[in-house]
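Trainee: Single-letter residue listing:
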Amino acid sequence: MTDIVEIHVTCPSLLDAREIAGKLLDEKLAACCNIPVKEIDSRFWWQGKRQRQDEWRLAVKTRADLFEACAAAIRAAHPYETPAIFGFRVDFVDAATAAWVEEVCRKP
Amino acid sequence: MTDIVEIHVTCPSLLDAREIAGKLLDEKLAACCNIPVKEIDSRFWWQGKRQRQDEWRLAVKTRADLFEACAAAIRAAHPYETPAIFGFRVDFVDAATAAWVEEVCRKP
Amino acid sequence: MTDIVEIHVTCPSLLDAREIAGKLLDEKLAACCNIPVKEIDSRFWWQGKRQRQDEWRLAVKTRADLFEACAAAIRAAHPYETPAIFGFRVDFVDAATAAWVEEVCRKP
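Top to bottom, those sequences are chains A, B and C.
For what it's worth, my numbering labels the leading residue of the first sequence as 400, then goes sequentially.
For what it's worth, my numbering labels the leading residue of the second sequence as 400, then goes sequentially.
For what it's worth, my numbering labels the leading residue of the third sequence as 400, then goes sequentially.
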């Protein structure tokens, strides 16, 4: 187990994903952000109905103790009222990468 | 740790991935399904040989206690004899998203 | 929990990702490798500066006890001095897929 988390949140446009990524990096709430530039086909239940939407997924690598601060910053910047924010703890990492994430992210 | 799992399964076409997603949502075995619309280059060992194939990856968010039911529904709908089904437990989530997954998925 | 890990590493080109995948499969350090063929927009802090780069992400399924050997092989084949290598343990898997990963990967 490591102290790193990968946070996923889907966005309604590539531009939104890029802007949120920029804000997280500006605030040192992320070591890196990845956005596949091609859309995902998203299908889900919402308010009792089946929905379909094109979305773009932002993946954020940060320290696990920054999850709440990072989620709050995502909510503040995100166009959805309730963006779905999921965090997956990294279980294995090489030492150099662990040190890099630890160094570049701000303290909680 | 949360009660949510993200299930990944690769499919031989975008259409297959969409159809499986539709069935899981119909049966309330998933809160949401995401499919990157661009293919993945998949390379693997199978029956003693190196294989290469274009695939599309379906990601399913559901309750962890539905993993078996969801995997059974994927196997029933999937064109492969043995689809590779992997589940990653979500470790962190915001409260609103956790409540949404809990609400929209059926009970096990 | 399972004995399987999914390892992620980003590469500066699709060709690099394919070559690393090929080496891991040659050495039986992976059961399968997946590379979305479309690039990701990668933004990160590196050496005190904000950077942006197109990258391709290689995802490797292997036995968890091969993480170190797999990471060493990735470092040896990777054009970056310090590739960022993250491993996520698979928490749920169907029995046939677990047996396949166990069988095709070499012993540690």
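No lab work stands behind these hints: they were computed from the structure.
There could be a bad hint or two in this list.
[To be verified] Straight-line C-alpha distance at most 30 Å; calculated DSSO-like pairs for lysine-lysine: (1) C/422 to A/427; (2) B/448 to C/448; (3) B/437 to B/427; (4) B/437 to C/437; (5) C/448 to A/427; (6) B/506 to A/437; (7) C/506 to A/437; (8) C/506 to C/448; (9) B/448 to A/448; (10) C/427 to B/427; (11) C/427 to A/427; (12) A/437 to A/422; (13) B/506 to A/448; (14) C/427 to C/437; (15) B/427 to A/448.
Trainee: Compare the structure with each hint and give your call.
Mentor: To see whether the hints hold, each was checked on the structure:
| no. | hint | in the structure |
| --- | --- | --- |
| 1 | C/422 to A/427 | 35 Å, violated |
| 2 | B/448 to C/448 | 45 Å, violated |
| 3 | B/437 to B/427 | 26 Å, holds |
| 4 | B/437 to C/437 | 7 Å, holds |
| 5 | C/448 to A/427 | 12 Å, holds |
| 6 | B/506 to A/437 | 34 Å, violated |
| 7 | C/506 to A/437 | 37 Å, violated |
| 8 | C/506 to C/448 | 41 Å, violated |
| 9 | B/448 to A/448 | 45 Å, violated |
| 10 | C/427 to B/427 | 39 Å, violated |
| 11 | C/427 to A/427 | 39 Å, violated |
| 12 | A/437 to A/422 | 21 Å, holds |
| 13 | B/506 to A/448 | 18 Å, holds |
| 14 | C/427 to C/437 | 26 Å, holds |
| 15 | B/427 to A/448 | 12 Å, holds |
Hint check: violations occur at hints 1, 2, 6, 7, 8, 9, 10, 11; the rest are consistent with the structure.
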